[in-house]
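Student: Residue numbers for the sequence shown follow full-length UniProt numbering, beginning at 1 and rising by one.
Among the clues, some could well be false.
In the DSS-like style, the derived pairs of lysine-lysine whose C-alpha atoms are separated by at most 25 Å in a straight line are [unchecked claim]:
no.: 1; residue 1: K169; residue 2: K148
no.: 2; residue 1: K35; residue 2: K50
no.: 3; residue 1: K148; residue 2: K125
no.: 4; residue 1: K97; residue 2: K35
no.: 5; residue 1: K39; residue 2: K116
no.: 6; residue 1: K116; residue 2: K169
no.: 7; residue 1: K169; residue 2: K35
no.: 8; residue 1: K166; residue 2: K50
no.: 9; residue 1: K39; residue 2: K166
no.: 10; residue 1: K148; residue 2: K35
no.: 11; residue 1: K39; residue 2: K50
no.: 12; residue 1: K119; residue 2: K148
no.: 13; residue 1: K148; residue 2: K39
no.: 14; residue 1: K68; residue 2: K169
The hints are simulated quantities; they were obtained by calculation from the structure and are not laboratory data.
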Amino acid sequence: MNPKLTNSPYVLKGLISLALFLVTSMAFSQSFAYKALLKTIYDADLPVLKPEEIPDLDRFQLIDTREKEEYEVSHLEGARWVGYDTFSMDLLDDLDKDEPVLVYCTVGARSQDIGKRLKEAGFRKVFNLYGGIIHWVNEDYPIYHEGKSTNQVHTYTRTWGIWLQKGEKVY
Numbered sequence: 001m002n003p004k005l006t007n008s009p010y011v012l013k014g015l016i017s018l019a020l021f022l023v024t025s026m027a028f029s030q031s032f033a034y035k036a037l038l039k040t041i042y043d044a045d046l047p048v049l050k051p052e053e054i055p056d057l058d059r060f061q062l063i064d065t066r067e068k069e070e071y072e073v074s075h076l077e078g079a080r081w082v083g084y085d086t087f088s089m090d091l092l093d094d095l096d097k098d099e100p101v102l103v104y105c106t107v108g109a110r111s112q113d114i115g116k117r118l119k120e121a122g123f124r125k126v127f128n129l130y131g132g133i134i135h136w137v138n139e140d141y142p143i144y145h146e147g148k149s150t151n152q153v154h155t156y157t158r159t160w161g162i163w164l165q166k167g168e169k170v171y
């Protein structure tokens, strides 16, 4: 590399500006890193919906695909727990396969898997909640525990908990 170029005050100034931009953007919105992570999780086989694209949760059959201990800490209002490790299609026998279904988990990986299984079972309109419960809370949407609003979020593990910017982390 050209030493004149690397020692240039313009290059140094540019690198400092880029670093400041990245740090401030991470502090005030969903980070680029989180968005990049989500891009690696989702595929084209199951559409995602961002919280702001959901005018009313009541329009969906809402399915929580996290484990029971996660659901019991908090969940989206009206969500039905079905789990992931113990998931069975029998839990959804009473759902209407022609009505929209919204699945979610912590960030969207487990719910994407369950959502694909629902489509294979004949559910026609299945969507995955973009960013899962973490993004939902980070965007200031409410979660509930025993019918009351709460700020506690089970983040699955401490590693996944780094993405929760709002609310109280529970592991």
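Student: Each hint needs a verdict: does it hold in this structure or not?
Tutor: Hint-by-hint comparison with the structure:
Simply put, K169 and K148 have alpha-carbon atoms about 17 Å apart, close enough for the 25 Å limit, and the pair holds. At roughly 12 Å between alpha-carbon atoms, K35 and K50 fall within 25 Å of each other, so this suggested pair holds. A C-alpha spacing of about 29 Å is found between K148 and K125, which places the hinted pair above 25 Å, so the restraint is violated. Taking the CA atoms of K97 and K35, the gap is about 31 Å. The hint is violated against a cut of 25 Å.
For the hint linking K39 to K116, the alpha-carbon distance of about 17 Å falls within 25 Å, and the restraint holds. Among the hinted pairs, K116 with K169 is inconsistent with the structure: their alpha-carbon atoms are about 29 Å apart, more than 25 Å. Taking the CA atoms of K169 and K35, the gap is about 20 Å. The hint holds against a cut of 25 Å. For the hint pairing K166 with K50, the CA-to-CA distance comes to about 17 Å; that is within 25 Å, so the pair holds.
Distance hint between K39 and K166 is fulfilled; the C-alpha atoms sit about 22 Å from each other, no more than 25 Å. Restraint check for K148 and K35: not satisfied, since their Cα atoms lie roughly 30 Å apart, outside the 25 Å limit. The straight-line distance between the Cα atoms of K39 and K50 is roughly 13 Å, inside the 25 Å bound, and the hint therefore holds. At most 25 Å may separate the alpha-carbon atoms for a hinted pair to count; K119 and K148 exceed this at roughly 32 Å.
Distance check on the hinted pair: K148 and K39 sit about 33 Å apart at the alpha-carbon level, beyond 25 Å; violated. Taking the CA atoms of K68 and K169, the gap is near 16 Å; set against the 25 Å cutoff, the hint holds.
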